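J.: Position 481 of the sequence shown, counting from 1, maps to 481 under the UniProt record's numbering, and the rest follow consecutively.
Hints may be right or wrong, so weigh each one.
List time: in silico BS3-like cross-link candidates among lysine-lysine, alpha-carbon distance up to 27 angstroms [unchecked claim]: (1) K728 - K559; (2) K590 - K629; (3) K368 - K400; (4) K100 - K232; (5) K301 - K705; (6) K750 - K728.
No wet-lab data here; the hints were simulated from the structure.
Owing to the predicted nature of the structure, the values given are computational and were not obtained by experimental measurement.
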Amino acid sequence: MEIPKSFVELQNEDPDRQEEPIKKRGLTFSDKQSCVMFIFFIFASLTIPIIIYFITINITVEQDINYSCSVDDSYKVPCGRPNISRAECIQINGCYDDFKLSCYHFMPSKYNYYINEDGAIYDTLQSDTPFGNGTIPQLKLSILELDSNVVKIILYAPSLSYTSNTVQNKTYIVRKEERMLGVEVFRQDIDQLILSTLRGPLIASEHYWEWTVHLICEHLIGLGELILPANKTVTKVIYKNKNDHTTLPNFLGYSNGSFYGILFEHDGPLEITIFPSKLIILKSLAGDRIAINIFTGPTPKDIIQQMRNNTALTLPYWTLGAHICRDGNTTIESALQEFTEFYQIQKDIHYASDCVHENLYNMLYQIKHEHNLTDLIYLLQQNKTRFLMSIPPQVLKINKHLYDAAVELNILYKNADGEDLNRTYQNQEAVFPDYTHTSIEVWFEEVKFNLPTNRIDGFVLKDNWPDEDNYIFKDLDYKFPYMTEDLNNSLSKTIPWNASSFGISPQPHILHHNSYGSMQLSAFKNSMNYEFIATSSFEGDVFEPISIQNVNISWTNLKKSVTTTLYNSMFGRFMTSAPVCGSTNAYNKKTHDELCLRWYITTATLPVLRISSDFPRRDPSNLQTNFTKDTVIRAIQNRYMLLPYYFTTLSMGDPLVRPMIYSFYNDNVTWSLDEQYMLGDALLVTQPYLPALTMLTIYLPPAVKVWYEYWGGDVYNKTGWINFNIVKNDWVMFIAAGCIVPVRHHKSTKVGEYSSNDSFGLAIALNCTTTECDAKGLLRLDSAQLSFSANITGVFISNITEAKTDIGCELTEPNHPKYIENLVIYGITGFAVYSNFTTVDLCNVTESMLYIPYFLV
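Using the sequences provided together with the hints, build the complete structure.
T.: Listed below in structure tokens is the structure:
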């Protein structure tokens with residue numbers, strides 16, 4: 001295939017390409033003499049060889065490349081500090097906008113790196129950055145073709161080492177620019193340009209990196225948003241902190257019917273700016289490498305599999321139930337008393353897990369024998385509620401056993417003077433372990449010894465960005481040439497940027513800050529036994545469940561929690577949890593009653609339902625009115641009913657919750673929908689995100705010919721936009737024709753409690769737009785799955801023999817319900833109808849396939 005010409009080559013084909021190009025002129029002897037004299041007087045301290053080097057290489061570049069100031073506004077990359085004069089702008093090799101009084105880079109930029117004679121390294125074109133600090137003299141570029149669909153481009157300092165490689169039968173082509181340091185990536189099959197790094201500056205220095213990447217696409221998803229503003233520049237800082245510990249530098253681009261994925265790798269503070277032109281500016285304050293991972297898709301499902309490296313989601317069924325915990329300042333006595341009284345009073349809901357209190361781990365040093373904590377946890381587990389323990393990375397100094405062990409092993413972060421870093425966490429003195437230390441597994445033996453029981457079912461790693469109470473960043477020594485208010489705020493309330501690790505080849509914390517949570521997670525995975533683990537802070541290669549913290553209750557944050565969950569689903573993180581009704585003490589039972597009700601209904605449709613907050617509590621028993629309490633309990637009951645469908649969808653390697661574009665990206669309308677979403681392939685859900693709404697405008701994609709309202713069965717065969725009347729306790733949901741949704745009916749009076757008499761049911765949405773009515777579906781158990789195929793008269797059930805082992809037919813209490821009853825059929829009439837048939841005991845079925853005819857009520 002003939003590779004398209006690069007951006008720089010196209011620029012050089014026609015000198016008149018730009019409206020007002022920067023014209024070249026020959027350098028006369030007097031020009032050279034003046035240039036040398038000017039440099040000599042300004043940089044008298046520099047050596048003659050360096051002066052000659054920079055003059056020579058700049059002359060060469062000037063003769064080879066047409067630099068232009070005629071740049072469209074959507075491609076004007078700011079150059080230098082704001083509010084500088086025209087003279088200052090020209091001095092730093094920038095273009096000046098006389099109307100906006102701003103300085104911007106040439107196109108192509110004069111800040112880049114030029115191929116060295118040996119072809120393996122690139123030399124800088126400029127000795128200084130636009131901010132006046134010296135550039136890194138040389139950089140390297142490596143291209144790692146990881147497989148046929150994934151390629152990694154790494155820009156790095158020569159002190160690091162990477163080896164480029166190639167693979168066969170790949171779906172992409174990466175082309176290096178011949179002279180300058182830059183690449184362009186194409187789809188191989190349709191010659192489509194995906195990205196280019198040649199349309200902006202490349203600057204590298206000790207405390208400032210800038211790299212520009214242009215993504216070629218019609219639609220762009222990124223920075224935690226499903227819909228980026230079309231005509232607005234967006235900037236976000238990625239440096240894990242209390243207010244944002246989940247956003248990653250990843251993107252999905254869509255063009256000509258195909259998606260591709262982008263993941264930037266950088267562990268230091270990263271400011272990302274996106275222009276309406278899809279030009280992305282990366283700015284960092286530290287580090288010696290930046291990498292771009294490109295995933296060629298072409299569908300969202302393909303990208304998810306490529307990002308996850310085809311690893312399956314293996315979570316136990318119980319993790320989809322309702323989880324509860326408590327937060328806030330308290331004593332160990334008060335925490336245990338509240339926990340005990342809760343289960344004495346609360347009889348309505350069976351909770352899948354409880355953590356006793358979010359700060360239990362930091363109160364363990366107060367535990368006495370008479371507290372009976374181990375017995376309380378044992379009783380909890382005897383009632384089939386798991387014990388999940390919340391653990392922060394910080395170690396309180398008052399916890400002598402853990403602290404002394406950490407000091408002895410020398411695993412703690414150090415301050416600038418080389419002493420153990422002492423900071424404040426939860427108003428107490430705390431230290432911070434380096435979870436990459438070679439002795440960390442030894443220290444974890446002390447952690448295990450301090451735990452209240454060796455029967456912990458799982459862990460929630462909290463505050464691991466990591467949190468710190470008081471630190472405010474101030475650059476008193478002006479070490480950073482570039483600083484904004486957002487960067488300044490992000491560098492506060494966490495470990496000081498210049499704290500270092502245990503002392504063996506110490507590096508500033510700023511270089512690894514964004515990976516700190518992942519380091520703690522990795523250490524737990526290597527040292528602890530558990531059935532479940534979640535984390536609050538993570539990197540791009542982490543796909544464990546996510547726990548979002550510090551959420552204030554508001555209608556805006558309700559919608560944001562859904563958006564964040566949908567966004568993470570698109571990048572392979574299927575289990576995202578935001579606390580129901582918020583987690584902070586900014587809660588009023590009366591004024592937030594309707595909002596909390598809606599939050600419960602919404603979260604019942606999301607992958608994780610976890611209730612954990614400061615005072616006032618927000619569990620159902622503490623809600624304002626009986627109406628709200630009853631509605632919330634019913635929502636949780638409906639969630640438990642739908643769990644077989646949730647579990648089946650996730651077990652197939654697919655996200656449970658997905659934006660409408662996941663399945664309907666060819667429908668342009670779906671790209672603007674952010675208040676409705678899909679649960680798997682079958683269920684469409686929409687929510688009101690404002691109080692007192694009585695009508696919703698809903699879009700039913702015409703790609704599905706018929707939709708049925710789930711609870712009543714009303715038929716919508718005229719798809720597109722509809723108006724739908726609601727009341728404040730409605731769960732608005734539609735089922736797509738052609739789908740079968742498996743459900744579970746709990747026979748216990750306590751919501752979510754398992755009973756050996758529980759049964760499976762089927763919601764059968766017939767598609768009668770073809771010759772014969774039909775519908776299909778699956779039910780995943782453990783390793784086996786039941787298949788369903790329905791027509792106008794009945795439903796076939798397949799793979800029964802394989803499923804019996806998972807069900808546990810030989811057990812007194814089977815692992816899964818063995819009965820099937822309560823079929824609901826949509827499409828036979830204008831409303832949902834129920835089939836009244838004799839209950840089927842799957843354990844008594846002798847064949848692998850069974851046909852159940854409908855007996856309509």
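J.: All hints, please: hold or fail.
T.: Now the hints, each set against the structure:
Restraint check for K728 and K559: satisfied, since their Cα atoms lie roughly 16 angstroms apart, inside the 27 angstroms limit. At roughly 13 angstroms between alpha-carbon atoms, K590 and K629 fall within 27 angstroms of each other, so this suggested pair holds. For the proposed pair K368 and K400, the alpha carbon gap of about 15 angstroms is at most 27 angstroms, so the pair holds. For the hint linking K100 to K232, the alpha-carbon distance of about 17 angstroms falls within 27 angstroms, and the restraint holds.
For the given pair, K301 sits about 23 angstroms from K705 by alpha-carbon distance, which is consistent with the 27 angstroms threshold. At most 27 angstroms may separate the alpha-carbon atoms for a hinted pair to count; K750 and K728 meet this at roughly 25 angstroms.
Consistency note: the structure conflicts with none of the earlier hints.
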